[in-house]
Amino acid sequence: MKSNNRVLVSVTNDLYTDNRVHKVCTFLVENGYQVTLIGRLKKDSKDLTDRSYKTKRFKLWKEKGAGFYALYNLRLFFYLLFHKADILLANDLDTLLANYAASKFKPGVRLVYDTHEYFTEVPELINRPSVQKVWEGIESWIFPKLTTIYTVNHSIAELYQKKYKKELKVVRNISPKWEMETIPSKHELGIPENKFLIIIQGAGINIDRGAEEAVEAMKHLEDCVLLIVGDGDVVSQLKQTVNDENLSSRVLFFGKKPYQEMMCYTHHADIGLTLDKSTNINYKYSLPNKVFDYIHADTPIVCTDLIEIKHLVEKYNCGRVLSQFTVDNLIAQINELKNDMSLLNTLKENCKKAAETENWESEKRILEEIFPTVD
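In our numbering, the protein residues as written are 1096 to 1470.
No lab work stands behind these hints: they were computed from the structure. Small disclaimer: the values here were computed from a predicted structure and weren't measured. Any given hint could turn out to be false.
To be verified - Straight-line Cα separation of at most 35 Å, DSBU-like style, residue types lysine-lysine; simulated pairs:
hint, residue 1, residue 2
1, Lys-1240, Lys-1257
2, Lys-1137, Lys-1272
3, Lys-1141, Lys-1290
4, Lys-1433, Lys-1351
5, Lys-1372, Lys-1447
6, Lys-1443, Lys-1264
Claimed, not checked - Taking CB as the label site, the calculated pair distances span:
hint, residue 1, residue 2, range
7, Lys-1199, Glu-1307, 43 to 51 Å
8, Glu-1451, Phe-1163, 40 to 48 Å
9, Glu-1158, Thr-1374, 24 to 32 Å
10, Glu-1158, Lys-1405, 30 to 38 Å
11, Glu-1288, Lys-1258, 49 to 57 Å
12, Ile-1278, Glu-1219, 31 to 39 Å
Every residue, glycine too, gets a C-beta built ideally from N, C-alpha and C.
Using the sequences provided together with the hints, build the complete structure.
What follows is the structure, given as structure tokens:
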């Protein structure tokens, strides 16, 4: 192998459910690169299996807040500094500082930036102006100096291009074609066999993403069960609500699952929800990977009226868009699909057609422009 193929990839999560980064790392390995993915080890982190690349997880005494980000970037900086690399791939703004600093001490090393969202406008920052200002300062210092940047959709690319006058490539977070020789039954997965199944899945079940309204809707939806497969900031609150409102038979929690297992739940669901609210710039232009997961599992989508998601759903007629997001409107839309199996089956077939075009196998061609194949 040539010596210009060593890539150090960094994130701040625990690597377990970051499907975008896993897909990129797998692509790099398939194209001749030696990859090490760096993240953190949390108290509840699960073991990593079946990875074609090396992984490194830092165990830190702080797991959140400013202290965590400072410690992580310091630890990451020294790791990057003292390990050989030809490419440093920073994922999101919370790893960029360490990568940029390390690159200054490693002449000839190429720095690549994958920004998964419009970071400085995430909900966790918009109500904390002093913290937001720190991240904006880091971004405005480093971003103009970068030469290779890509992001998750055209709307976010346009925002960055307008702000920094930089060209960005777009690599959407599209699912690979999903195939399994044997799919576990509903019984084997512990989900009801005679109910209309609704799912919210993924690692970002957070504030302003509609999960609270979905749980509220379950009070009024007969013969329906909501599956919550994943984790996020509001899950503990949702569990408390379910307990307080005696909804334990209508809302089931399954926690984090490996991608293939998660997709089995999604496959059995009748509809998939993606209910982000337009409360901030980041959500307004978001295109969550769960949208593509639903498409690849032949699961029709019910979504809020966000630009990128609406365009995709209407382009393929693979779901329904809520023109106004309220609990009552959500209930009405779910009941419409539940009571019209002909329409639901049409939407399922349209998901199958969309999956033939909207898949990682096609999307990763953009990565080939960024990371040429190494012999």
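Comparing the hints with the structure gives:
1. The suggested pairing of Lys-1240 with Lys-1257 holds, with an alpha-carbon distance near 15 Å, which does not exceed 35 Å.
2. For the given pair, Lys-1137 sits about 31 Å from Lys-1272 by alpha-carbon distance, which is consistent with the 35 Å threshold.
3. The suggested pairing of Lys-1141 with Lys-1290 holds, with an alpha-carbon distance near 31 Å, which does not exceed 35 Å.
4. Distance restraint check for Lys-1433 and Lys-1351: the Cα-Cα separation of roughly 27 Å lies within the 35 Å cut-off, and the hinted pair is therefore satisfied.
5. For the suggested pair Lys-1372 and Lys-1447, the alpha carbons sit about 27 Å apart, so the restraint of at most 35 Å is met.
6. Taken as a hint, the Lys-1443 and Lys-1264 pair is honoured in the structure, with Cα atoms around 31 Å apart against an allowance of 35 Å.
7. For the pair Lys-1199 and Glu-1307, the supplied restraint of 43 to 51 Å holds, since their beta-carbon distance comes to about 44 Å.
8. The hinted window of 40 to 48 Å between Glu-1451 and Phe-1163 holds, with their beta carbons roughly 42 Å apart.
9. Between Glu-1158 and Thr-1374 the C-beta distance comes to about 26 Å, which sits within the given range of 24 to 32 Å.
10. The beta-carbon spacing between Glu-1158 and Lys-1405, approximately 36 Å, falls within the hinted interval of 30 to 38 Å.
11. A beta carbon spacing of about 51 Å between Glu-1288 and Lys-1258 agrees with the range 49 to 57 Å that was offered as a hint.
12. Between Ile-1278 and Glu-1219 the beta carbons are some 36 Å apart, a value that agrees with the proposed interval 31 to 39 Å.
In summary, the structure agrees with every hint in the numbered list given earlier.
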